Amino acid sequence: MITDVLTVAAEGGTEHNPIIPLWQEVVLGLVAFSILCFVLIKFVFPMMEKTFAARVDAIEGGIKRAEAAQAEANQLLEQYKAQLAEARTEAARIRDEARADAEGIRQDILGKAREESDRIIGAGREQLAAQRESIVRELRSEVGTLAVDLAGKIVGESLADEARSRGTVERFINELGTAGSAGGRR
Amino acid sequence: MIEQSLVLASEVPFPPSVEDFYLPSIVPWGAHDSYWFTKITALMWVSVAAIIIFFLVTYRKPQLVPTKKQWLAESIYGFVRNNIAVDMLGKRGINFAPYLTTLFVFILLMNFWAIVPFAQISPNSHIAFPAILAVISYVMFIYIGMKHHGGLKYFKHALIPPAPWFILPLLIPIEFFSTFLVRPFSLAVRLFANMFAGHMLLLVFTLGGFAMLNANIWFAPFSLVSWAMTIALTFLEFLVICLQAYVFTVLTASYVQGALADEH
Chain A
183 MITDVLTVAA
193 EGGTEHNPII
203 PLWQEVVLGL
213 VAFSILCFVL
223 IKFVFPMMEK
233 TFAARVDAIE
243 GGIKRAEAAQ
253 AEANQLLEQY
263 KAQLAEARTE
273 AARIRDEARA
283 DAEGIRQDIL
293 GKAREESDRI
303 IGAGREQLAA
313 QRESIVRELR
323 SEVGTLAVDL
333 AGKIVGESLA
343 DEARSRGTVE
353 RFINELGTAG
363 SAGGRR
Chain B
3 MIEQSLVLAS
13 EVPFPPSVED
23 FYLPSIVPWG
33 AHDSYWFTKI
43 TALMWVSVAA
53 IIIFFLVTYR
63 KPQLVPTKKQ
73 WLAESIYGFV
83 RNNIAVDMLG
93 KRGINFAPYL
103 TTLFVFILLM
113 NFWAIVPFAQ
123 ISPNSHIAFP
133 AILAVISYVM
143 FIYIGMKHHG
153 GLKYFKHALI
163 PPAPWFILPL
173 LIPIEFFSTF
183 LVRPFSLAVR
193 LFANMFAGHM
203 LLLVFTLGGF
213 AMLNANIWFA
223 PFSLVSWAMT
233 IALTFLEFLV
243 ICLQAYVFTV
253 LTASYVQGAL
263 ADEH
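Heads up: the protein sequence lines correspond to chains A and B, in order. In short: position in the first sequence from 1, add 182, done, that's my numbering. In short: position in the second sequence from 1, add 2, done, that's my numbering.
If you're looking for bench data, these hints aren't it; they were derived computationally from the structure. No experiment lies behind these values; they were computed from the predicted model shown.
Using 16 Å as the maximum straight-line C-alpha spacing, the simulated EDC-like pairs for lysine to aspartate or glutamate come out as follows:
id : chain 1 : residue 1 : chain 2 : residue 2
1  : B       : K93       : A       : E231
2  : A       : K232      : B       : E76
3  : B       : K63       : B       : E76
4  : B       : K158      : B       : E177
5  : B       : K155      : B       : E265
6  : B       : K158      : B       : D264
7  : B       : K63       : A       : E231
So that you can see chain A by itself, here it is in the shape it has in the complex (with noise of 0.2 Å):
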């Protein structure tokens, strides 16, 4: 086994050892992993770290100003809740006075009518009293006088200046109308 190895290995030169390196391939190795460290590590991945940046930037920023328009929204929203309520108090007040201003004119109006009304009354009745008594008086004269001619007729001589003179007829249409106006009453 051994003999044929070392045959093996006489065959083709050298033989080799897989565990040792050849130091030409660690040379190479070395100078070719460099080149590659450099350029990757100097020029590719730092952009790489770059452009995360820039993403996570972007997308952070984006979220932020969606957050601050949301927020402007919302104060918005509740400065036009907040404006809308304060209309509907405002208009309910409005309406609520209103509603008492039509009342109180009502009143007033209704209160003048009632007092032209009483005015107008007042003023028939006493028109009417003032009427009843000047026609009362009228009557009175003239009843007066009708009756001393009547009577004089009757009598065969005049009594008017002594009917006159003693108030007859006065008395006696006094207690005619006192009589009428009792049994008017009654």
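Once you have looked at the hints, place chain B on chain A.
Structure of chain B alone, referenced to chain A:
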């Protein structure tokens, strides 16, 4: 026809040996003891060039809303950055993410040659490359530890666990052994051995098919099974390729994490 195939098969050497990993050099053509320009180093240069070109082209004009290619480049970096660096090292991980990503991509592509048709050997099956990366990781975590803890205090911190004094004579050598002796070797050998074994397996099943044909023409069905196994193993290799690149990166990150840790 049969004569021909027999002749063809008889030219295939079996079993494959270590020497199959040391192909004749390209420049100068066919030399057996020149290693400056071989298939291995050529694949390495192609890997480096491909990675550099890919990243420079896709990230020439980065945009806030990424294009497909830019997205691909970003997800590679983002994967290592978020799932390895930041996961294990926290905020400080962002500083290490560029190196870890470079490491990950480099190992991944170097491994990947193991299953690329016509290449079909990974430069990482030569221990030189895993060794370089392991030594860089080793130097890096010790340097970071010394910087973080202040010079030699790092070694005191790393070597002396908070334990009763009578245990320390036992613990200090163990800590020293596991942290400062084994780590670079385990890193390098794990990657190297996986790629070496993967290539060896593919060789065994491919060449084995020819060897059986060579032994007896009636073994042809077994040869077919053997070649089918090669295809299946190629898929397994793909898994190993990704896993080993990931493991190497994660272990490097974990060593850095240990160096930065303030408690034991």
